[in-house]
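Following the hints, complete the assembly by docking chain G with the ligands onto the known chain L.
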Amino acid sequence: MPANTVRLRIKRQAGPQAPPVWEEFEIPYRPHMNVIVALRDIAENPVTRDGRPTSTIAYEANCLEEVCGACAMVINGRARQACTALVDRLEQPISLEPLHRFPMIRDLQVDRSKLFNDLRRVKAWVPIDGTYALGSGPRQSPQDQEQAYPLSRCISCGNCLEVCPQYNTRTDYVGAAVINQVRLFNLHPTGKMHRAARLDALTGPGGIQECGYAENCVKACPKDIPLTDSIAAVNRQMVGHLWGKALGR
Amino acid sequence: MPNSSPHLLIVGGGLAGLSAALHAAERGARISLFSVVPVKRSHSVCAQGGINAAKNLKGEGDSPWIHFDDTIFGGDFLANQPLVKRMCEAAPGIIDLLDRMGVPFNRTPEGLLDFRRFGGTLHHRTAFAGATTGQQLLYALDEQVRRHEASGQVEKFEHWEFLSAVLDDNGVCRGICAMDLRSMEVRTFAADAVIIATGGIGAIFGKSTNSIACTGSAQSALYQQGADYANGEFIQVHPTAIPGEDKLRLMSESARGEGGRVWVPKDGKPWYFLEEWYPKYGNLVPRDVATRAIHKVVYELGLGLDGQPAVYLDLTHIPAHELDIKLGGILEIYEKFVGDDPRKVPMKVFPAMHYTMGGLWVDNEHQATNIPGLFACGECEYQYHGANRLGANSLVSCIFGGAIAGPTAVEYARASTAAGSPRPFEQEKLRQEEINARLFASEGSENPFVIWKELGRTMTEHCTVIRVNDNLRRADAKLQELLERYRKLGLRDKTRWANPAFFFTRQLYNMLQLARVICLGALARDESRGAHYKPAFAERDDANWLKTTLASFAPDADEPRLRYQPVDISLLPPRPRKY
Ligand SMILES: Cc1cc2nc3c(=O)[nH]c(=O)nc-3n(C[C@H](O)[C@H](O)[C@H](O)COP(=O)(O)OP(=O)(O)OC[C@H]3O[C@@H](n4cnc5c(N)ncnc54)[C@H](O)[C@@H]3O)c2cc1C
Ligand code: SF4
Chain L
1 MPANTVRLRI KRQAGPQAPP VWEEFEIPYR PHMNVIVALR DIAENPVTRD
51 GRPTSTIAYE ANCLEEVCGA CAMVINGRAR QACTALVDRL EQPISLEPLH
101 RFPMIRDLQV DRSKLFNDLR RVKAWVPIDG TYALGSGPRQ SPQDQEQAYP
151 LSRCISCGNC LEVCPQYNTR TDYVGAAVIN QVRLFNLHPT GKMHRAARLD
201 ALTGPGGIQE CGYAENCVKA CPKDIPLTDS IAAVNRQMVG HLWGKALGR
Chain G
1 MPNSSPHLLI VGGGLAGLSA ALHAAERGAR ISLFSVVPVK RSHSVCAQGG
51 INAAKNLKGE GDSPWIHFDD TIFGGDFLAN QPLVKRMCEA APGIIDLLDR
101 MGVPFNRTPE GLLDFRRFGG TLHHRTAFAG ATTGQQLLYA LDEQVRRHEA
151 SGQVEKFEHW EFLSAVLDDN GVCRGICAMD LRSMEVRTFA ADAVIIATGG
201 IGAIFGKSTN SIACTGSAQS ALYQQGADYA NGEFIQVHPT AIPGEDKLRL
251 MSESARGEGG RVWVPKDGKP WYFLEEWYPK YGNLVPRDVA TRAIHKVVYE
301 LGLGLDGQPA VYLDLTHIPA HELDIKLGGI LEIYEKFVGD DPRKVPMKVF
351 PAMHYTMGGL WVDNEHQATN IPGLFACGEC EYQYHGANRL GANSLVSCIF
401 GGAIAGPTAV EYARASTAAG SPRPFEQEKL RQEEINARLF ASEGSENPFV
451 IWKELGRTMT EHCTVIRVND NLRRADAKLQ ELLERYRKLG LRDKTRWANP
501 AFFFTRQLYN MLQLARVICL GALARDESRG AHYKPAFAER DDANWLKTTL
551 ASFAPDADEP RLRYQPVDIS LLPPRPRKY
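Protein chains in written order, with the numbering used here: chain L, 1 to 249; chain G, 1 to 579.
It should be emphasised that the hints constitute simulated quantities derived from the structure, not laboratory data. Certain hints may be false.
[What the hints assert, rightly or not] For lysine to any residue, the following SDA-like pairs were computed, each having C-alpha atoms within a straight-line distance of at most 25 Å:
(1) L:Lys11 <-> G:Lys494
(2) G:Lys336 <-> L:Val74
(3) L:Lys192 <-> G:Gly304
(4) G:Lys58 <-> L:Glu44
(5) G:Lys478 <-> G:Glu461
(6) G:Lys336 <-> L:Pro31
(7) G:Lys488 <-> L:Pro53
(8) G:Lys494 <-> L:Thr48
(9) L:Lys223 <-> G:Ser183
(10) L:Lys223 <-> G:Pro319
(11) G:Lys453 <-> L:Lys192
(12) G:Lys453 <-> L:Arg7
(13) G:Lys336 <-> L:Val218
(14) G:Lys453 <-> L:Thr5
(15) L:Lys11 <-> G:Ser183
(16) L:Lys192 <-> G:Glu461
(17) G:Lys453 <-> L:Asn4
(18) G:Lys453 <-> L:Leu86
(19) G:Lys453 <-> L:Glu44
(20) G:Lys336 <-> L:Val87
(21) G:Lys494 <-> L:Glu26
(22) L:Lys192 <-> G:Ala150
(23) G:Lys336 <-> L:His32
(24) G:Lys336 <-> L:Gln92
(25) G:Lys207 <-> L:His32
(26) L:Lys192 <-> G:Trp65
(27) G:Lys453 <-> L:Arg139
(28) L:Lys11 <-> G:Phe503
(29) L:Lys192 <-> G:Gly152
(30) G:Lys266 <-> G:Tyr278
Same shape as in the complex, but just chain L (with noise of 0.2 Å):
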């Protein structure tokens, strides 16, 4: 393979029906590339190294600097944004597959809603009254906010679902970047008042209980959320609200 050029491999599949099929491109380098300028410089002339004409290739992206979560896929095996995915440090040929756990759009496009969804279900928000001027919100310590803010950077990529064993579409389990949402939002003054009922969202079918511990979300998040750390920290809280519930408290 001359040095010149990139080499990709990338998981095709036309709907959501359709069977999957591998394509090879070869593209010429450019320095400082990242999965996303292979992507876009593809779409420019969408031919395979075996000179192929090809549809485009299907994905989401939106802000390319990790912030928006847009471009998660599995890139060389492994669950991450195609954006910092820098060519200089990705073994060639470069796979691309989409995230195998949620349901298939369009190649590299699949369909992330259930993780929005999720956060409905446990509520994450804080209940305030109502837009009009209240006055400012509650005084809060500067390691508190050191506490929240890291908690509240994540970008519903999805990395961590894509690569929990336990997060599929049987059993409906919201996974761990909602269950650190319950964390911080129960760690919030005025979001703890919905405390109960977040814990009671993550009780049953999809909840908590059904987190299997193989910590695989923590080592896979972008944005070093203590994501295990936060399992623990709502499991403790649960066990006390399910204890209170049972002692009719």
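Chain G with the ligands alone, transformed into the frame defined by chain L:
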């Protein structure tokens, strides 16, 4: 009879659209919210540095009036003043609201909100959540709107693209026509009022600091349907971004707000040219000023790093721990994309297209466009920033604009009479389906991605930092050539399911039309004001040009017609802008 449960369509789920949705939902409206990307992935997440409000928590005697003065002065007196004043007065309340929603703003030891300095002001006025403020604000509004979604009041149409407005025979907006970005179905939606909040236009410049979805396609479609587009020529070029192949990644002004210094080596020593040239504001002069200074250092003085178009943005003198707490998010971007640690080595940056001050024309009170029933808020409209936006003023203008647009659209909707005939809907759907059919049938030789590259190059070269009339004339000729070539393109991928090349090609046409508004607006304006700089007309010319540019589309000629409108300067008399 008044409409007791009005139905609004909101296009765009960035800060502006979500703010509009939240305020409208509180007033009892039913809302359908459209977005090309899932709302939570909207471009607003990119905002790094912070949001302005004169809370005066640092004992500096700051006030909404000073914020107002800084904003008008920073915008070189082109903004209509009363609405800007209202925004500055509302800003502290907006911060309180966001604080109540749980935005993890950085705190002082006393548990109060911390504020940092930004460009174009001498006060600590910018609240921030690390260096991912936009993300945190967007999430907070997204969460609140999700509450209303849970109660059934808001319905989201994510992965749907707005194509056009549905206008009745009287020119009243009755709904929209949109396309499902998966099934590619074209559908019309009726409503009592429509709010457009579709954000920026970076893609017209090829590479910029903006997200991919910032194409301006929706604004352009509306302009071609008769909406006025105001001050299109005012394009902000941010002084400090990391050059990249796919994107010019911003290094927020907050880096300088926290003490970052810009320099190049000169005679073997660091030369802090901004500090030398602007001793009062130093590295925190407004963006247009800093950008031109960097341009001069690189292109006129030939002092770019290693002869390249780049200068240093240096944070290495600040303790790493402090940097991590206040700027962690952007340092991470530099590390991940460049591979160097900005705590240890100065960053290499260069100006990049960043923001449009121009946008859909809206009135001075209600965020209403000239099309009845159509409102606009956020970066897609023109009201708040005059000829140059101050850093951290956009987020506040998006939320404030949404807080006006939502309730006024509800009021309008309550008073409006039901749409009459279904015909305008059928006609608009047919028109859009015909556009799709033509594209699917296209067999020409032109490649849309090549046309886009040429568009980006032309616009970046001639419609950003320095504008020269001869070049602008040539640029417009080039844009016309590209439009001509667009008509001869061939769409290779004819898949009728989630076809990205198809969507992009459709947007490209609208980008080309809007590019001409920018270019011709710049050509006409023979003065220098804010971000619009013409060396041949180097001074601001209030006698002739203290006026708003209005572009309207002339369908027969297939090009913009320009006219002008006075600026409301009733509160602050213009004075020379010197930093
Ligand atoms: C890198 C960067 C950093 C910034 N930092 C700051 C900062 O620190 N402080 C500050 O004040 N400002 C900052 N800005 C500016 C600010 O982020 C934006 O101006 C602001 O977020 C725009 O918000 P919006 O709601 O108008 O649009 P966006 O957030 O862009 O949202 C637009 C919405 O419209 C939707 N949309 C677009 N077209 C269509 C269509 N045709 N059909 C359907 N939906 C559509 C999109 O999906 C999206 O939901 C920054 C900008 C950039 C680029
Ligand atoms: S927790 Fe991390 S990996 Fe999981 S969705 Fe959020 S950002 Fe992605």
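25 Å Cα cutoff - pair Lys453 of chain G, Arg7 of chain L: holds, 23 Å
Pair hint outcome, Lys488 of chain G versus Pro53 of chain L [Cα-Cα no greater than 25 Å]: holds, 20 Å
Is Lys192 of chain L within 25 Å of Ala150 of chain G, Cα to Cα? Holds, at about 19 Å.
Are the Cα atoms of Lys494 of chain G and Thr48 of chain L separated by 25 Å or less? The hint holds at about 17 Å.
Between the alpha carbons of Lys192 of chain L and Trp65 of chain G, is the straight-line distance 25 Å or under? Violated. Lys192 of chain L to Trp65 of chain G sits at ~37 Å, over the 25 Å cutoff.
Are the Cα positions of Lys478 of chain G and Glu461 of chain G separated by 25 Å at most? The given pair, whose Cα atoms are some 12 Å apart, holds under the 25 Å limit.
Mind checking the alpha carbons of Lys192 of chain L and Gly152 of chain G for me, to see if they're no more than 25 Å apart? Since the Cα atoms of Lys192 of chain L and Gly152 of chain G sit roughly 24 Å apart, the hinted pair holds (cutoff 25 Å).
Straight-line alpha-carbon gap Lys207 of chain G to His32 of chain L, limit 25 Å: holds, 15 Å
Do the alpha carbons of Lys336 of chain G and Pro31 of chain L lie within 25 Å of each other, as the hint requires? Distance ~15 Å between Lys336 of chain G and Pro31 of chain L Cα, so the pair holds.
Verify the proposed pairing of Lys11 of chain L with Lys494 of chain G, using a straight-line Cα cut of 25 Å. holds, 20 Å
Regarding the pair Lys453 of chain G and Lys192 of chain L, is the alpha-carbon distance no greater than 25 Å? Distance ~51 Å between Lys453 of chain G and Lys192 of chain L Cα, so the pair is violated.
For the pair we were handed, Lys453 of chain G and Thr5 of chain L, check the Cα-Cα distance against 25 Å. holds, 21 Å
This entry does not satisfy hints 3, 4, 9, 11, 16, 26 and 27, going by the numbered hints stated previously.
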